[in-house]
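Residues per chain are reported as follows:
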Amino acid sequence: MPLHDVGYRGWDGTLQNGTAAGVIAGTGIRLAWKSRWLRRVVLFAWSPALMFAGGFFAFEQAIEGGSVAAGREAARRLDGFGMVGQLVATSLGGTLDDPEAARRIVWSRLLLAFMRAPQAVLLAVVVGLVAPRLIAGDLRARAWLVYFTRPVSRLEYILGKVGVLATIVGVITLVPAVSLWLVGVLVSPSLSVALATWDLPLRVIGAAAAVTVPTVLLALAYSSMTAESRIATFAWFATWVACWVAHGALTGADLAAATRPGGAAAFESDPFADDAAAFVPRRSHRLGWLARAAGVDDTVDRWAWLSLYHAQGVVQAWIFGIEKRFAVVLAPLMTLVAVAVGSLVVLFIRVDAPARA
Amino acid sequence: MTESGSDQERERHDLPVRLERVEKRYGRRLVLDGVSLDVPPGITGLVGPNGAGKSTLVKAILGLVRLAAGRVEVYGHDPAREPRQVRRLIGVVPEDDASIPGLSGVEMVQYAARLSGLPAKEALRRSHEVLDWCDAGQERYRAIETLSVGMRQKVAFAAAIVHDPALVILDEPTNGLDPLERRAMLGRLVALARDHGKAILVSTHVLRDVQSICDRLVLLVRGRVRLAGSIESLTGAADRDLRLRANGPLEALAIRLRDRGIAARLADDAAGLLVQAGDPAAVVAVWEETAAAGVEAWAFEPERRPLEEVFLAALEAADEADTGRTAHAPA
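Same order as they appear, the protein sequences are chains A and B.
The first sequence: position 199 = 199 (our numbering), numbered continuously.
The second sequence: position 287 = 287 (our numbering), numbered continuously.
Chain B extracted, bound-state conformation:
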């Protein structure tokens, strides 16, 4: 093998997930329509309206469905041919409550560990360790069907990571969690990705969660990838506005800035001023005028488009593209 060939091979084995022109049909319905996608290490958010094909995409990654066309690789393994190897590398937190009635929380996690191949004693030891990390407390000894939604979610999460998988896939991980639990869960995901090098794929409808923890976003609409990229690049404003977050006479400050040739306007949400300050001299001028106008500023940062806006714009574009495709289709 040539050096570049071996580099490519290494790259394939380092990449958590790669999909190439994946197609999946249920009967005549095309659920995944030529999906090509790389999921790199870090946290990737998978978003899309209901019926977009997110669950089928996850099933394709796990090798649970037979593809009509295309290719899936998980760390270089083909899930259809090597499902055992692939599933050892993956931990899944399903959206729906999936448990074995009659088992306690810790037994459920131990059962999951043993199904993944951990020896019995090690499975129990590690189950407790992971449940401690998930802050499960003594509730872990209660029958799983009597646990609260939040606690069940912790158990499902612990069961997914108990065998220390390299890739964790979560479907709506913050469903039914109170704000504190939600923040804790997102914190754990960030810790897994940043401190332990895990690749995390989060399928969710909560765009706020995506924006707060994800490095990348994939938008799936009607089985096609409509948007994929880093959150930073997707939410960055095209006109490079800066937002001055401040209290005080913002209108007066805007006038003063415009007098100095710096475009400035009140933000639509009235929470600050949007300023176009492309060069360092303009930034200095903004600080000078802010002080002169008696405005109390606490942040001056690049303006980001809300993810919801990006999401809706992409949906509209997808609708227009599909309408155009239908209109131009031969009769």
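If we strip away everything but chain A, and leave its shape as in the complex, we get:
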């Protein structure tokens, strides 16, 4: 028996209220972080930020040098592929008449591209590694007894689990994106640039939320539907792949129909591309009148609502002020809202289902 053993003693302190979600999130993050694979992926997830930081640097060099070409070349030299340089050049449309306006356009696009291209894909992978175990593991280990026999509500439990994923997603998307903005400010000629672009970090937060909320809730909903985390993992990746394939197939079919001689398709410019050669097709649709009546403009990437990834892209572009037509955003936004609400309903029904059985 230990020397300091004092036997059983009562405790007359005050029990705190409303701390359960934070406790669940904190412990969940600590447990998830024990995974070597997760640490590696998160570390790797920061590597694209280095390339995009080169983009910010290249652009600021271009402004100082007074030519886009210089910026493009600088970027090409920095990232080794010319991707960032191409983005910078096409974003500006070859002019640098108004450096302030140009900076806003280029920074927004760089941040959007960063959050879309590498981070969204990495995010799907990381969420697929972590999320399936969060609730399925509790169901399997009967850990729901640990929570629901204590003063923990369903909402606190869900918020705690969301907190785990939101933190990891934030580390992958939000923190590097805000860091990129900071890098942009630091490599710009004056710190007054921070004041001129103060809204960009807020837009980054909004764009990160557009990704995080539906993604995290969907992943947790899958996790809550089974005690086998492998099944939840499969469902998660299958959803992304199926939606992507469906979106690609339908868009491809539209494109094929549009390029057929006599096809009833029209072309609209892609609001996300400045290159005049980039078009997406539009076909007259049987229910087009309904979409228009509902205020849903389906003229651009009309299948974006079908895929979580593409729907997030449209909404993020809107948050960054690149897509300005709300009608285009409405359907993808509704998709994200529907996914989030549906997942939340499933979570509320499922998380303490064994306790009620």
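Careful, some of the hints might be misleading.
[To be verified] Taking CB as the label site, the calculated pair distances span:
#1 B/184 x A/12: 23 to 31 Å
#2 B/21 x A/175: 28 to 36 Å
#3 B/13 x A/16: 21 to 29 Å
[Unchecked claim] Some but not every residue of chain B turned toward chain A, in silico, with C-beta under 7 Å:
#4 62
#5 102
#6 117
None of these hints come from the bench; they were simulated from the model.
Please read all numbers here as calculations on a predicted model, not as lab measurements.
Quick reminder that beta carbons are idealized off the backbone N, C-alpha and C, glycines included.
Following the hints, put chain B in place on chain A, whose structure we already have.
Relative to the frame of chain A, chain B by itself:
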């Protein structure tokens, strides 16, 4: 409020658990059928065959299930309306292993403490204190999934009492424990009840445990309370036999006692003599004859029915009552 009204109110808040005509259905199946029950301070054993509704009863006390009818109160709080207050007053040791893989034993207890609302540092301090009391040793630092069954049971018990609840509910607390650990666990329960005033509700199949530590017994069969009362009253023999525990020529002693007009017979288990000695003079006579017969006696105590016998008799009675009810039910 009148004085008697305020007394009733105080009594309600002092009573750990009160159930009044509680009904719970899963679909068409009636799992709790008008259960009315008071769980007073002390140790109460909840026994019953599998599927009797014990787990559902515990869930009803915790406010985890919606009742079809009736009312549950835990220290005067309604678990359905005030689940947070109720669960703060309760610590639960579930039958099944319920843990968070990846946490060590002490982390698990600290996690439970923090979920119950203890501040972080206090949770850690108290976790160690309670684990010391449970004699957990250095094993507390091992990952919970690598612990032995007994050690896991200690961790689950420590996690249940770390926030110092007024009511502790345990489901099969001695499952998988070796005899020493079992005795230690029962000792802790007795200490909590006797020395610290906790109310303890033990759901178990081990009647020996119930008889050794419980003050009261509740027998649940097919969702109905068939037997409830103090262990003493339930196991007391109806004919007020006394058992003389002794070595020596017991048969001869029985004959000598009968010659003096005292009913005496060998116990069925042959471990002593059953004597009907209702008055002090008869007791004196028993001692005199014991000495005269050369019998070495070491105990003379009221005979108790084994709890198992009480349990089986109640089950049979329940079966007969249910059969009768079915037979008399209108077609």
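(request) Check each numbered hint against the structure and report the violated ones by number, ascending. (result) Hint check: 2 fails alone, others pass.
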